[in-house]
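**Q** Hey, can you work out the whole structure from these sequences and the hints?
Sequence order for the protein chains is A and B.
The first sequence lines up with residues 1 to 160 when you count with this note's numbering.
The second sequence lines up with residues 1 to 408 when you count with this note's numbering.
Calculated directly from the structure, the hints in this document are not laboratory data.
Where a beta carbon is used, it is the ideal one built from N, C-alpha and C, also for glycine.
It is possible that part of the hints are untrue.
What the hints assert, rightly or not - Taking CB as the label site, the calculated pair distances span: (1) H24(A) with D305(B): 16 to 26 Å; (2) D143(A) with G164(B): 38 to 48 Å; (3) N210(B) with F90(A): 38 to 48 Å; (4) P79(B) with E62(A): 22 to 32 Å; (5) E136(A) with P79(B): 24 to 34 Å; (6) P252(B) with Q46(A): 25 to 35 Å.
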Amino acid sequence: MSDAVFAQVGEHLAGVAREAVVAHGTLALRVEPEHLLEVVRALKEQFGFDLFVDVTAVDWPEREPRFDVVWHFYSTRHFARVRVKTRVPFADPTVDSLVPFYGSAAFMERECHEMYGIVFRGNADLRPLLLYEGFEGHPLRKDYPKQKEQPLVPYREVKP
Amino acid sequence: MSAPLTHLPNPIRPAFDQGSTPGSVIVNIGPSHPATHGTIQIVAELSGERVLRTDVHCGYLHRGFEKECESHTWHNLIPYVDRLNYCSALINDFAYCEAVEKLMGIEITPRAKYLRTLLAEYSRIADHLTCIAAALMELGAMTAFLYLVTIRDYIYEHLADLTGARVTYSYGRIGGLAHDLPAGWLKRLGEILDEMDTFTGRVHGLVDRNRIFIDRMRNVGVLTTAEAVSYGFTGPILRSTGAPRDLRKDTPYLAYAELDFEVPVGIKGDNYDRYYVRMREIDESAHMIRQLVEMLPEGPLCVDDRRCTFPEKPLVYTEIESLINHFKLVMEGPQVPPGEVYSAHEGANGELGFYIVSVGGGVPWKVHCRSPSFVHMGGASKMLDGYQLADIVPTFGSINMIGGECDR
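**A** Structure below.
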């Protein structure tokens, strides 16, 4: 059942998707950041991918553009999964927010923002979520030192 | 002299610090509040007793799960994924192992497949029992709490017989399971399920048509199906709105395609429906387990694949190939080919997915956990706004937020 949807999506988006392969039961699309909203609108409104599953990023420090931003969508009608990927550079890690399409996007984009420093254009609420206010850096980037400490409460001196 | 505590910075920035209407007050609930299960902070604007808007903050249990995963071998992560949802740790184990197995192109043995299905359903029962027991206790139903937690404790002890631990089992293995069932385990399983039917029957009798319970639960925290899908709700919360969406039925994995079970749904999407859907799912899980006990085939538990399965201990001590195989698996980890995969299981709370990226070798490049509790917290305000302050507690209980998987 999902194969038919994948074929339709692949055909419809042939102009904008740089890659479209089906692997492990998921259709993986690679698009340019400027085509993101167009692709997501088609996925949601034409092909019924109504559940926004997840957004995250992958850091490739040796590569330019450095970050992959990865979205997963699920269709509660076709029971099919789509992964959309785009590449953004270190100097300007900005992509469009999916808040206009999915209510859950606002919350999940906050996590991706604090963990990788990806900026979601159009999401007005990118406050820290799992980390605390004033945390410096983006801990899931590969160059963030794992041993680094940023205590919110200063260490107390031990009296002899 | 250390700095006085009043000068410490606020760890959160609330979305609002001014009331929207004259006479409203802003109160802070949690994180150190028993009904927030210790890890959630809710900033709420109240008009009298009515909640005008809420701002939910999580992260007090954040411990860098995904960062930690990037410096351990694929096998070493199994104890970590256990600690995501510690009420149904086995489901996490199996979802993670399946993601890695997909990337390695491994098909598990029939016995492992059926046993994983059985244990996943057993864990789901334990998780639902915990959720309902806690939610009822917060409403003052102490007897129902004790009935349900009694059964949960039988299950924990019974799983300890199998795995050696009560809560965090580390029982899944890439390519199979840690070890086979001990003698007499299935017999005790049947006894516990029979006893559970008695106790859940008593809970049905105590609360289902109880006036106090209905007044607190009916028409409180209502969600429509469209809202639930838009805010990413899955699992019992989505089903309580009337949508029969269940990954076990829709995209069957493990042995679910061969089982006979129903997907219970609610009619209104309120707290009462969420309670009832979970109670019905316990019945369905027990029904599935009884089928699986009959279907469980004999045979090996782990695949015969030197990339991930440890050699038998006597062989490690007596022959060089097995010794080196063991050494390489411990020191370098299972060799997972480059690639990426997203694999989702129906967890007790909703869609539990693992997105893993490998660049080859024994250590993951990235492990991302799509946890249902985290996504549900993003939509929690939808269920809290507009109701009474006292409704926050039962509504929050019916979401069943698990701090370990929400904050990771």
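**Q** Now tell me, hint by hint, if it's right for this structure.
**A** The hints, checked one at a time:
For H24(A) paired with D305(B), a C-beta distance near 18 Å keeps the hint of 16 to 26 Å intact. Range check, D143(A) to G164(B): Cβ separation about 39 Å, and the 38 to 48 Å hint holds. Distance hint for N210(B) and F90(A): a CB-CB separation of about 59 Å, inconsistent with the stated range 38 to 48 Å. Taking the beta carbon of each, P79(B) and E62(A) are about 31 Å apart, inside 22 to 32 Å as hinted.
Here the CB-CB span from E136(A) to P79(B) is close to 30 Å, well matched to the stated 24 to 34 Å. The hinted window of 25 to 35 Å between P252(B) and Q46(A) holds, with their beta carbons roughly 27 Å apart.
Of the hints listed earlier, the one the structure fails to meet is number 3.
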